[in-house]
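Engineer: Can you join these two chains into the complex? Each is in its own frame, and there are hints to help.
These protein sequence lines map, in sequence, to chains A and B. Under our numbering, the first residue of the first sequence carries the number 4, and numbering increases by one thereafter. Under our numbering, the first residue of the second sequence carries the number 33, and numbering increases by one thereafter.
Calculated from the structure, these hints are not laboratory results. None of these values were measured; they are calculated from a predicted model. There are no misleading hints in this set.
Quick list of in silico lysine to aspartate or glutamate cross-link-like pairs, EDC-like style, CA-CA up to 16 Å:
#1 A:K192 to A:E174
#2 A:K112 to B:E41
#3 A:K112 to B:E44
#4 A:K192 to A:E177
Below, a sample of chain B positions facing chain A; criterion: calculated Cβ distance under 10 Å:
#5 E44
#6 Y49
#7 L60
#8 N63
#9 P147
#10 V149
#11 A154
#12 W161
#13 L200
#14 S209
#15 T304
Label pairs and their in silico Cβ distance ranges:
#16 B:K321 to A:M50: 49 to 55 Å
#17 A:E177 to B:P239: 38 to 44 Å
#18 B:L238 to A:M123: 28 to 34 Å
#19 A:G170 to B:A121: 29 to 35 Å
#20 A:T20 to B:G292: 51 to 57 Å
We put the CB at the ideal spot given by N, CA and C, even for glycine.
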Amino acid sequence: MNETSLRRSQAVAKGLTYLFLIAGSVLMIFPFVWMILTSLKTLAESMQVPPTILPAKAVFENFTYAVTSLPFVNLYINTILLIFFRVVCAIAFSSMAGYAFAKLKFRGKNLLFGLVLVQMMMPSQIFIIPQYQMLASVSLTNSIFALVFPGIVSAFGTFFLRQSYLGIPNEIGEAAYLDGCNQWQTFTKVMAPLTGNSVAALTIFTAVFAYADLMWPLVVNTDINMMTLSSGLATLKGQFTTNYPVLMAGSLLAMIPMLVLYLFFQKQFVEGIAMTGGK
Amino acid sequence: MFQKQTLAEKREQRWAYLMVAPTIIGLLVLNYYPLADTIRLSFSRTQTFGRSTFNGIENYITMFSTPEFWKATWNTVLFCILTVPVGIAIALLVAVLLNAKVKFKSGFRAIYFLPMVVAPAAVAMVWRWMFNGQYGIINTILGRQVNWLTNPNTAVVACAVVAIWSALGYDAVLLMSGLQNISKTYYEAASIDGASRVRQFFSITLPMISPTLFVTLIMRLMASLKVYDLIYMMIDTSNPVLPDVQSLMYLFYREAFVAGNKGYAAAICIWTIALIGIVTAVQFIGQKKWVNYEV
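Chain B extracted, bound-state conformation (with noise of 0.2 Å):
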């Protein structure tokens, strides 16, 4: 009987190890490969034929020492501080409005979710015609001429504008199944109480829903600090404002694939993960004063 069990564990075993191997083989050769050598390239000059050669820090000290490096990651932290707040605010907003008695209802929430579905790249380009200086239908709309995509100050704006946009419905929706979780005992008590629609909203929906913002939050500020595509389709490679923009992945894609510094890019790259993983980290400290998990 024993014998007969570990015979049939053993075979469990064997289809284990056979159906986690493509995915397990894939990962290493994909991704824990190219970890360890984006990091060995990090510290390492790139030649000509994709050789490289050990250089120690020398990346490092480049890279804290260019003036581009940090205005890319000052871009990059603005860019958050422009989106982040507002864009979660704005979601949250449509979310419990959406999670009220509405007709039309799910029609809403595909409208709001159109833009998920589209390519960034293709939303850009449309953005980039409606916020034209010259001809834009903004400037027509607000009877101004504003050159928004060429000045440094409101190129950063135009493209704030767009990310908020973009992730508005998505937010929303992760924030409506935080929403329909909460009972509505809640509400119909506080009804009773005599307690506003407002003071519900904070006594009730804000602490109830703080773990589901919680998650929306991290995931928002993880996707924004490796901004690329939207910026780099606005702001063109040849556009001046492109240093005041250009975001920390979008430097990294123009020192790896454009200028070839691979090695540069390589540590730019390890940085932005690090920024990633104090960001992260900050939050998750944070969140001990503002999210509720006492339900």
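Same shape as in the complex, but just chain A (with noise of 0.2 Å):
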């Protein structure tokens, strides 16, 4: 193969790749592109054949289909209360296990630990019904408390923070510990400061995913106003069946708090999630 040919070859392959990569990116994006469309047109011209682009005019009815038939305040709040106490909640305890997992001696550590390892390997569909039930025999399902109650501790969050603490050195423990920190100054003031980017991960890995969840929401809260937003759009869907402008406008509301914040932290997310996700 002489030059020209290769750089030819090489110019042709750098064509392909870009080529497919954007073609995918539009494969990606258009799905989000035509509920924007959609949420902003009448339901007679959603149903036209063939449809519109884009909308004839632009029309924000759908919204208040969307915020008067479902409690669209609540959703958001309830969402949020339910991310903010599980990510409080995984951290602590998880930062505190994953400490004395990765740093500490004590007797049955490993039977401990195991028992950390196993819950992960578990579906958590194995735990739905007796989880269930406990709220309900002291009535407190369509609770907040309800919402956040599987994901009080998280064996993964400890797993993966002792991951984190056993790649600090032992000798930054032992030098705080000979200025006179007890073990828990130790962990608080020196240690857990040094996790930060599992932290971080931590994070947004139990925020994404305590967003997405359907299955315990729908089953521990069917009282609308306690709902999440995952769960509140499946209803929603029961209520609108065919009127896909307004499924498309409730849809659109429940993704844009995410997509804003995954529009800053673009790099967080993705890396803060295949970080959780590649051990």
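Structural biologist: Structure below.
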């Protein structure tokens, strides 16, 4: 192969790469674009054959319908509280346990860590009926507590943060100890601040999964005012079975907060989730 | 000296117990008790007010003699067959292309990753609309009149398309992290020897990435065997094709929380976990044939 034909084949390869990536990107984005466009059409226009691409005249009545038939403010608040408590619990408890498992000596450590590992391998559905019955027996369904309940502790978070603490040299902890810190101070003042990246990744991971979860909120909070955005959306689907402009408006409202966060923190989202998943 | 050390050790141990206590107590209450209770329930008949009586393996007998259950098992397996190999192949292609020297790399990555950060419930909604038989944009583009979601054969395909689309970016990002660990010198040496790009992919990239590929495959398989939310959103309970599409976890949800047969549902759950266990074990045995750990 001579120089020019080699260069030409490289140019072709490059062109094909971009062509494929751009075509793929269009396929990835198109459903979102179509959602936005449909949400701005009237019901009549959305059912035109062939469909119009851009709405003849952008209308916002679908958003009004969605907001009046679903208590969106409550859904936002419930989802935010769910995420907040799940994240706080996951970070606090998993940091403590992860630190102890990585850095402290105690009897029964392997056995207890075994409990963490085995839980990670089990699908969450196996816990769901008894978890529901526990809450139902004390009349705690339809509450924020019920939403948070299965995620109060996180075996995965414990495992993940333990990895992070294992990566910190023991000398750092020993130095703090010699400086007169007790175990708790060594943990909170010296070690925990060094796990910032992992904590950020765990935060994003926990938040995204709490937000996406559908089965648990659907089961445990049947009162429409106590639903999350996901389970509320499933309910909206039942109300407006064929009114797609309203359904698109509702879906858009449900995804906007995460999309905005993603726009600003896309690097952290991608790397955080990849970091937690790649383990 | 000896005395003092044990004292320090004791103190350390006390701190350790205090620090693992919330997690361990939480796991016992939230996971291990429910695990035992689900197993117990699977051998029980549910009665009113959440009470149940032991009925041996009756739930399992009912389950194994119900065609709906076998259909759901097959649907779940079919869903995996349709989504996992194709999905991972496309994800690998995207990962390889993104790993090359391209502009806007992080932009592309963010776009492919997008479905991961939005709720599957919202994603499924727009796909339902696009797959709509009368007014859907997909039929318009194809110039055909397919009732995607009300025909048993195409409904599975529609769900598979959405699943692949949703997981693509996540799998690609995982695979990219594996690709980044492959030393450039291999490719340089191969280029000097005149190996084509395609040849390089099969002789260097594929063997070198096989451990990451294996992890991605296992994760995707486990997630696909548990599929629920996507099918729940795409196929309504009133849709006549439901029995032809519903996954094991969908059937589980309906039996446990719609029909109220918690004992029967628990048996379905145990079966699903056994299935996941078997599939994972097969993968771990099969990996010896193709996963290359000698790097």
